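One line per chain: the protein sequences are A and B, in this order. So in my numbering, spot 289 of the first sequence is number 289, and the numbers just go up one at a time. Position in the second sequence counted from 1, then plus 509, gives you my numbering.
The set of hints was computed from the structure by calculation and includes no laboratory data. Quick caveat, the model's predicted, so the values are computed rather than measured. Each residue gets a CB set at the ideal place from its N, CA and C atoms; glycine is no exception. Keep in mind that a hint or two might mislead.
[Claimed, not checked] Covered stretches of chain A (chain B as the covering partner; in silico rule of three or more C-beta atoms under 8 Å from a C-beta of chain B):
| # | region |
| --- | --- |
| 1 | 108–118 |
| 2 | 132–138 |
| 3 | 229–242 |
| 4 | 377–385 |
[Said to hold, decoys possible] Take a look, some chain B residues computed to stay more than 10 Å from chain A by CB distance:
| # | residue |
| --- | --- |
| 5 | Glu553 |
| 6 | Ala596 |
| 7 | Asp722 |
| 8 | Ala754 |
| 9 | Gly930 |
[Unchecked claim] Selected chain B positions facing chain A (Cβ under 10 Å, derived; list incomplete):
| # | residue |
| --- | --- |
| 10 | Leu519 |
| 11 | Phe539 |
| 12 | Arg551 |
| 13 | Thr593 |
| 14 | Asp857 |
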Amino acid sequence: MRIQEARIEPFFAEIQASLGSEGINRDPETLRRYGENTMPGGDRSPVGVVYPASTQDAQTIVRAANRHGVPLYPVSTGNNIGLGSRSAVHPGQVIVDLGYRMNRILEVDERLAFAVVEPGVSYQAMYDELVRRGNKLMLDVTSGPPQGGMIGNALDKGAGYTPYFDHFGFACGMEVVLGNGEVLRTGDGALDAGNLINWHTSKYSFGPILDGLFTQSNYGIVTRMGIWLLPRPPAIRSFHFAFPDDDDLEQIIELCRPLKLSNFVPTLFRVCNDLYLCGSEGENPEYRASGGKRSISDEGRRALRESHGVGAWTVSGAFYGPSAEALEPQIKRVRDLFCQSGKARYIAHEEAEGIGPLQVAINTFSGIPSVGELGLLKWRPGGGNTWFLPGTPMDGKIANEFQRVCRKVYEDHGLDYTVMNVCGPRFARGLHVITFNREDEDERRRADDCYRRMSEEVARLGVFVGRAPLDYHEFHMGQAMASFREACSGIKQALDPNGVIAPGRYGIG
Amino acid sequence: MRTNFSEAQLADPEIAEANQILETCVHYGFCTNTCPTYVLTRDENDSPRGRIDLIRRMLEKGGPPDPKTVHHLDRCLSCLSCMTTCAVKVDYVHLIDRARVHIEHHHRRPWPERFLRGLLANVLPYPRRFQWALRGARAAKVLPSMVPSALRASLAMVPEPKRLDTDILAPGVYPAEGQRRKRVAVLAGCAQQVLNGNINRAAIRLLRRHGCDVIVSAGVGCCGSLTLHMGRESDARVSARAAIAAWTREIEAEGLDAIVVNASGCGTTVKDYGHLFARDPGMAEPARCVAALARDVSEILVDLGLAPPAEPKAYRVAYHDPCSMQHGQRVTRHPRELLRAAGFQVMDIPEKHFCCGSAGTYNLLQPDMAERLGQRKADHVASTDPDIVATGNIGCMMQIGQYLGRPVLHTVELLDWATGGPCPPALAGVPLREPAEPNQEPAPDIPVVNDGGGAANDVGVW
Ligand SMILES: Cc1cc2nc3c(=O)[nH]c(=O)nc-3n(C[C@H](O)[C@H](O)[C@H](O)COP(=O)(O)OP(=O)(O)OC[C@H]3O[C@@H](n4cnc5c(N)ncnc54)[C@H](O)[C@@H]3O)c2cc1C
Ligand code: SF4
């Protein structure tokens with residue numbers, strides 16, 4: 001960090017003069033709340049929160065930060081719960097809360113199926129707008145908070161479950177306030193003209209693709225982004241299979257891969273372990289007895305599976321088409337494949353609608369934001385929650401070996417192995433949740449240690465994480481090769497020479 | 510969240526319950542962006558977890574709360590949007606109710622506020638008094654300068670006489686048409702009967718048409734909801750006790766299949782009678798029985814199955830979910846299903862998880878915030894380009910109607926009309942566009958659908 005000496009008061013005086021009092025909040029309650037998060041490392045209070053209402057305001061803030069050497073931390077909808085919430089990398093940064101006043105849907109093009117949004121537009125707001133327009137277009141959503149948003153999520157390389165799952169991949173054309181205060185338009189938007197008809201339709205344009213620089217980094221503040229939308233299918237039919245044993249993962253991955261390679265199944269597969277599904281339905285029934293010291297027993301897991309009608313692993317996917325009848329043959333094809341080995345139990349769409357955690361899957365395949373999965377976080381009391389997000393190739397043996405390793409690390413730490421493998425054709429992202437009692441010092445320490453141990457174990461297997469909680473950005477950057485680290489710093493130097501934007505985010509600057 | 514109550518404080522069961530609720534809040538913060546007041550002010554003390562913290566400090570300290578705490582708790586709508594989003598299911602409703610009771614007992618409000626609150630608590634729950642008060646208010650409207658400033662905002666809400674349709678129901682039995690399928694009591698309500706008598710008339714016609722004996726029981730007045738949410742728990746218990754006694758007599762005499770409520774704010778309270786009397790040995794059981802029988806009118810109609818519409822009227826109906834219905838009772842599917850079955854095109858309203866600002870007496874006590882929310886809601890409603898706006902709670906009907914500048918109907922008025930009843934009086938003289946041809950295509954196979962664009966999908970090919 002090349003910040004000389006933060007001159008906080010003159011910075012705020014300058015912001016006050018340009019944005020007015022509406023644009024600043026320094027109440028003690030505000031600082032405390034914006035510092036809160038759910039991770040093991042503790043809360044971190046900012047020194048203030050600023051609320052830009054326009055790209056110009058964002059530029060004003062960045063320029064003032066440069067002049068006064070004040071570190072900023074931008075958030076959009078600020079629902080990054082489990083990965084940092086709204087808290088900054090370090091205490092003492094100024095949160096730039098874009099969501100409060102920059103939350104307009106700027107455009108919806110129904111013919112070309114894209115929307116253009118400001119940072120504060122949530123999944124729920126976008127969904128509502130598409131419904132208002134007749135529900136012809138479908139937005140890919142996460143299974144996380146409906147009040148999370150497209151820009152924050154895409155910039156953290158978040159993902160959903162429909163064919164448009166890759167939120168950065170299906171984002172097109174950004175407007176960015178760089179660390180030096182200049183405004184950059186990416187892609188076709190770079191043309192120095194006023195009528196940019198391809199800005200949000202073509203990702204590839206003249207010159208290098210700069211958009212990727214703004215994901216998991218700290219080179220700029222994104223103030224506008226295009227997102228592509230899928231025409232809503234008239235019929236969506238989900239299918240689900242429950243498998244009885246932990247090691248069935250090998251078979252599952254082998255079954256899913258060809259179905260995705262050929263894109264026979266248009267959605268990603270959600271392959272959830274028992275606790276990932278049952279966890280949203282109530283607290284760990286054994287927690288109080290063991291004082292949180294032990295992982296849930298195998299019998300405990302079996303009982304939960306039975307009461308919720310799910311397996312040690314449950315696979316979910318969906319087909320899209322003109323009518324439910326038209327999709328029947330495809331469902332039958334998948335069902336025949338999965339049931340061949342005799343281990344899978346088929347759960348039909350209608351039955352799944354009655355099983356809360358599978359309804360979450362149906363909602364995500366249908367592009368409907370919902371809150372069902374948030375309940376996962378109450379599996380243990382005390383509000384601790386952090387995500388561990390590595391992945392494996394779609395190779396059954398490797399994926400299974402991987403689950404054994406991670407399961408053991410959880411168990412060594414007296415925590416509960418909770419994971420969803422989100423499977424595409426070649427790669428499965430393993431969404432591991434570590435829920436822990438943040439008010440219990442020992443458990444907090446175990447959660448932290450569990451995270452670090454797993455990161456080291458999977459690195460030994462040749463695996464890096466795809467996204468990380470704020471607490472571990474620096475740690476993971478330390479796992480990267482030197483030239484990668486140097487390249488990241490070099491770009492930071494070029495785009496944000498005074499290092500004012502989110503210093504430390506993803507271990508950069 | 511860690512709390513710090515003394516043993517002596519925890520010996521009070523009300524505090525013990527509040528403590529339990531407080532301990533479940535872990536400050537995840539999913540709730541903040543769904544809280545209407547926080548979204549408008551970005552003030553942490555206007556957010557659910559901010560309020561939870563204020564309540565904790567107020568109850569821990571005991572005695573008179575500081576004015577800041579009262580200010581932020583008064584600004585809470587009790588809309589319960591935060592409860593829908595909360596990952597750990599903090600029982601916020603019972604916590605804020607407890608906080609309001611504490612404020613009522615320990616805080617001396619400035620006299621204009623005391624006067625207004627006293628007036629509302631002593632007038633609204635009593636239809637005859639309310640009727641007189643409205644007459645008085647209309648007279649006062651002519652000379653607004655004579656009215657104390659505390660009352661001026663309320664005065665602005667007084668409907669024009671032509672918008673009033675007072676019909677205070679006498680107790681009695683309205684027999685089923687055709688074969689009797691159910692015997693149900695209907696909560697006639699308090700303020701609703703004065704403001705819009707057609708809601709009860711339409712509900713009773715509908716229920717009779719669908720094979721219900723409908724009983725309006727003697728002795729049932731206000732359900733207690735209005736006073737409960739003002740922190741006047743004892744007043745609420747008096748009203749609730751009377752209602753429970755009357756319905757218990759009915760249950761014991763000829764039995765009841767359901768207690769039907771057509772104002773969802775009241776429905777939420779009646780369904781929660783078990784909690785209101787949980788620590789009253791004599792009342793706990795009857796309260797639980799009554800609560801278990803309580804149904805929103807849309808729930809019972811879905812059970813009964815709506816008769817096919819006489820002549821489908823495919824108007825575009827924007828349906829507003831009252832907070833008490835969506836967050837309090839979690840009833841969102843039923844009204845939409847019924848309106849669709851009746852032939853209407855049903856449209857969701859953007860930001861439907863947000864309160865319209867009515868919230869019981871909120872729009873009278875917090876007119877500024879209520880106005881912002883009312884206008885915001887009306888703008889969203891208008892954005893759907895509806896022919897008709899429908900909802901399930903009289904408070905929302907009045908509030909949205911005021912900011913939209915056109916009548917808002919109750920779901921039962923439309924269902925009654927579609928299945929053979931008269932055109933709702935609120936639509937008399939309102940020009941409606943020619944409805945679209947009834948939709949012949951099967952409804953798309955997705956859980957929540959807006960009918961606005963029709964089933965034809967002209968963007969993609971499937
Ligand atoms: C139960 C549960 C399920 C979840 N499921 C999913 C899932 O399926 N898929 C998934 O992807 N995530 C999931 N999440 C994780 C997370 O909650 C979401 O990704 C959420 O969308 C992130 O918050 P946000 O959208 O509000 O982003 P924000 O909090 O606004 O942004 C995230 C981060 O990006 C940076 N940033 C944001 N805006 C800008 C900007 N304009 N310019 C520069 N930098 C910026 C900031 O560092 C910020 O902290 C889940 C979480 C939970 C609790
Ligand atoms: S009840 Fe409504 S207004 Fe009150 S804190 Fe919850 S969301 Fe906010």
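Please flag the earlier hints that this structure goes against, numbers listed from lowest up. Those not satisfied are hints 5, 6 and 10.
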